[in-house]
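**Student:** Chain residues, written in single-letter form:
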Amino acid sequence: MSAAVHTSTAVKRMRTSIFRVPSRRESSVTMTNHPTFSPSVRTPWPLVAIGATLLASTGCGRTEPASFRLNMVAATKTTAPLSGLKEPWAGWSEDRQRQVATILEAMFGTPDRPEVVPETGLDQGKLRLAAGPVHSDIVGRKNGLYREHCVHCHGITGDGMGPTAAFLNPYPRDYRPGKFKFKSTWRDAKPTHADLVKVLNDGIAGSSMPSFALLSPPQVDALAEYVKYLSIRGETELALFSYIEQELEADATLSEDRGFLIDEILTPVVEKWAAVEEEDAQIPIADLPAGVDFALGPTAPGNRESIELGRKLFHGTGGCVKCHGVTALGDGQANDYDDWNKAIVETGKEIAGSLTQTKEASTGQMSAEDRATHRAKLEWLSAMERVLEGDALTPRPIPPRNLRLGIYRGGRRPLDIYRRLYTGINGAPMPGVGPSGPGGKGTVPSEDIWHMVNYVLSLPYDFDGELGVDRPMVAKDRF
Amino acid sequence: MNRRIWGMAWAILFLAVPVLGVATFAVAPAINVWLPKDVSIHGRDIDSLFYFILALTGVVFIATEMVLFWFLWKYDAAAGERRATYIHGSHTLEVVWTIIPAATLLFLAIYQMNAWADVKMRRPDMPPTVEVVARQFEWRLRYPGRDGVLGTQDDLHLVNDLQLPVDEDILVQLKSMDVLHSFFLPNLRIKQDAVPGMRIPVWFKSTETGSYDIVCAELCGWGHYKMKGRITFVPRSEFDRWLERKYAEQEATRPAGDASGNLAAR
Chain A
1 MSAAVHTSTA VKRMRTSIFR VPSRRESSVT MTNHPTFSPS VRTPWPLVAI GATLLASTGC
61 GRTEPASFRL NMVAATKTTA PLSGLKEPWA GWSEDRQRQV ATILEAMFGT PDRPEVVPET
121 GLDQGKLRLA AGPVHSDIVG RKNGLYREHC VHCHGITGDG MGPTAAFLNP YPRDYRPGKF
181 KFKSTWRDAK PTHADLVKVL NDGIAGSSMP SFALLSPPQV DALAEYVKYL SIRGETELAL
241 FSYIEQELEA DATLSEDRGF LIDEILTPVV EKWAAVEEED AQIPIADLPA GVDFALGPTA
301 PGNRESIELG RKLFHGTGGC VKCHGVTALG DGQANDYDDW NKAIVETGKE IAGSLTQTKE
361 ASTGQMSAED RATHRAKLEW LSAMERVLEG DALTPRPIPP RNLRLGIYRG GRRPLDIYRR
421 LYTGINGAPM PGVGPSGPGG KGTVPSEDIW HMVNYVLSLP YDFDGELGVD RPMVAKDRF
Chain B
1 MNRRIWGMAW AILFLAVPVL GVATFAVAPA INVWLPKDVS IHGRDIDSLF YFILALTGVV
61 FIATEMVLFW FLWKYDAAAG ERRATYIHGS HTLEVVWTII PAATLLFLAI YQMNAWADVK
121 MRRPDMPPTV EVVARQFEWR LRYPGRDGVL GTQDDLHLVN DLQLPVDEDI LVQLKSMDVL
181 HSFFLPNLRI KQDAVPGMRI PVWFKSTETG SYDIVCAELC GWGHYKMKGR ITFVPRSEFD
241 RWLERKYAEQ EATRPAGDAS GNLAAR
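In order, the protein sequence lines correspond to chains A and B. If you count the first sequence from 1, position 379 lands on 379 in our numbering, and the numbers rise without skipping. If you count the second sequence from 1, position 67 lands on 67 in our numbering, and the numbers rise without skipping.
Fair warning: there could be bad hints in the mix.
Said to hold, decoys possible - Estimated spans, in silico, between C-beta atoms of each pair:
(1) A16(B) with T53(A): 26 to 32 Å
(2) S67(A) with A117(B): 57 to 63 Å
(3) W34(B) with T63(A): 32 to 38 Å
(4) Q124(A) with P255(B): 28 to 34 Å
Stated by the list, open to error - Covered by chain A, per the in silico footprint, the following chain B stretches (three or more residues, Cβ under 8 Å):
(5) 150-159
(6) 225-236
Source of the hints: derived by calculation from the structure; they are not laboratory data. Values in this document were obtained by computation on a predicted structure and should not be read as measured data. Cβ coordinates follow ideal geometry from the N, Cα and C atoms, glycine included.
With the hints as constraints, model all of the structure from the sequences given.
**Tutor:** This is how it looks when you write it as structure tokens:
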């Protein structure tokens with residue numbers, strides 16, 4: 001009995017002790033069996049120190065302004081050791097590099113300040129709108145269009161090697177050689193300003209080039225002008241290298257006489273661009289043959305005949321099946337490159353071949369002179385290999401177009417297809433069937449090219465040779 | 001005393017949440033971060049649902065935050081009045097604050113069914129007005145040609161510039177050429193994912209003319225942020241004229257028809 005009473009008292013005491021509210025004095029005692037609630041608000045100095053260090057390490061410097069890059073592949077090519085070169089190959093000397101940069105800057109300015117000499121024929125106002133970082137100094141007008149819309153693919157120098165370029169197929173256009181694919185002029189001629197505007201407005205279907213029709217006409221105009229600017233600059237750079245390689249002794253200084261540079265280097269480049277703005281620079285468009293009317297559709301009798309004629313030409317004198325295949329699926333042959341990639345591929349092969357050859361050549365029997373030349377050659381070959389590796393995109397072959405898809409890069413109007421057939425595509429393996437120059441004679445009479453156009457346009461809808469059925473040939477379009 | 005001030009500071013910080021929250025919503029329409037202008041016929045239903053839910057959740061939110069602030073302020077431990085009491089919970093309270101939100105949600109679910117059906121289920125019985133094919137990073141459009149049938153050789157192909165007649169039912173056939181995109185028309189309260197391999201009908205009707213945005217609402221790659229198009233509503237007669245002009249441009253066989261349409265010029 002007494003034990004039970006004893007226990008119950010002890011339990012009671014325990015219970016009350018748990019629920020007892022501690023007085024103020026007791027609250028700081030930590031030895032009791034219930035911890036007190038005392039929030040510690042000491043400043044966590046280690047954390048503050050780390051945070052402050054991280055913030056400070058971001059620094060207060062400004063980013064460097066953008067600058068044009070040297071065309072490394074072309075530059076390295078021009079310094080191929082000539083026979084008799086004895087010193088180790090040193091690439092371009094500092095002086096030479098600075099000279100070239102100065103000349104180009106004097107003629108074309110910088111990416112932020114594109115100040116061109118008047119002999120280029122470019123509109124300074126338009127260039128200023130397109131160039132520089134994105135900024136605005138007048139309400140409603142934005143500068144830096146190129147950097148906002150184009151630079152991530154086409155690059156600051158217009159070399160088609162912007163940050164996004166490596167992920168694209170086909171690669172973005174490299175403006176520096178001055179070659180453009182989709183235009184209204186003869187094959188080797190430059191595009192007109194209107195051609196460039198058209199590509200900007202329509203984009204290039206089937207590639208990553210988007211349509212910029214949502215920009216205002218002055219903005220599109222400014223971008224087209226800037227593309228011309230980058231192209232003229234690139235071509236002038238190449239002309240400069242060509243002059244250095246062919247006309248200059250190894251250590252001679254390049255003349256910096258303005259007159260000489262403008263007349264001998266710049267003007268030949270600019271002349272070509274000016275020439276296409278003339279009245280007769282565009283290819284002549286033949287009249288439509290009788291009975292052909294693109295508004296009527298493939299089942300109209302006139303068009304039916306025309307498509308049949310076109311089919312014969314496609315398989316016959318047009319010579320299309322060699323690449324595009326008898327089914328026009330683009331499965332004729334697939335191991336060719338467009339000119340921009342071909343340059344890298346062929347140079348790469350040459351270099352690889354020479355490198356193997358040079359390495360194998362025995363140096364045991366050589367005189368000191370020959371050995372020096374040999375070493376210089378080896379160094380140059382290795383440098384060229386490194387440049388091809390690091391300063392050029394991995395070459396990609398260009399397959400012939402699958403004509404059954406209904407995707408036409410240069411535009412889907414009959415006029416556009418006519419132009420592609422007439423001149424072929426400059427820079428691509430696609431040959432033209434029209435005359436190669438004014439007054440020439442083509443493989444196919446110009447009027448008959450319209451029949452080929454009719455045939456090509458009917459291909460995506462030609463199911464088992466039956467025209468006009470509304471079942472597209474390509475599976476993915478059939479659902 | 002120092003601890004008491006810290007306690008009050010925290011309480012006031014928590015009070016700032018409902019205060020700033022309400023302030024932001026109050027100011028939003030004036031600084032143009034509120035709902036975009038609605039020109040569709042079913043946008044009214046959608047917007048009123050939105051406001052209803054906003055009001056409901058807003059009231060509950062503010063009430064809860066006020067109570068939280070009050071508890072933080074009055075029962076701060078640094079004031080040291082008394083120790084918190086441990087309770088095992090109140091079954092009644094649990095039931096009440098489960099039943100009421102569940103009932104509210106059930107009400108909302110049923111209340112909105114009509115609005116959802118209007119937009120997503122009651123497809124108008126008509127042939128497609130235009131086919132929109134989403135592609136990295138543009139909107140490719142295909143109008144049926146003069147034969148009125150989509151998928152034949154005379155179809156009109158355009159990019160990014162979607163023109164449609166106002167005050168008429170529009171049926172869009174939405175496809176994707178490569179990856180997931182989402183056809184989002186903010187001013188028409190329309191959003192529909194473009195799923196590769198699927199052909200999805202989207203319908204709407206605009207009550208006002210004007211140009212509005214098409215934006216992509218499903219991450220589709222590095223160009224997702226700039227995948228913008230423009231949708232323009234014009235009177236039917238103007239739309240027909242525009243269509244004719246575009247057909248003629250697409251059939252061009254002479255350089256005179258070379259000017260490729262630039263939107264701002266229109």
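**Student:** Give a verdict on every hint.
**Tutor:** Consistency of the hints with the structure:
no.: 1; hint: A16(B) with T53(A): 26 to 32 Å; result: 29 Å, holds
no.: 2; hint: S67(A) with A117(B): 57 to 63 Å; result: 60 Å, holds
no.: 3; hint: W34(B) with T63(A): 32 to 38 Å; result: 36 Å, holds
no.: 4; hint: Q124(A) with P255(B): 28 to 34 Å; result: 29 Å, holds
no.: 5; hint: 150-159; result: holds (count 6)
no.: 6; hint: 225-236; result: holds (count 4)
Violation of the numbered hints given earlier is absent; every hint is satisfied by the structure.
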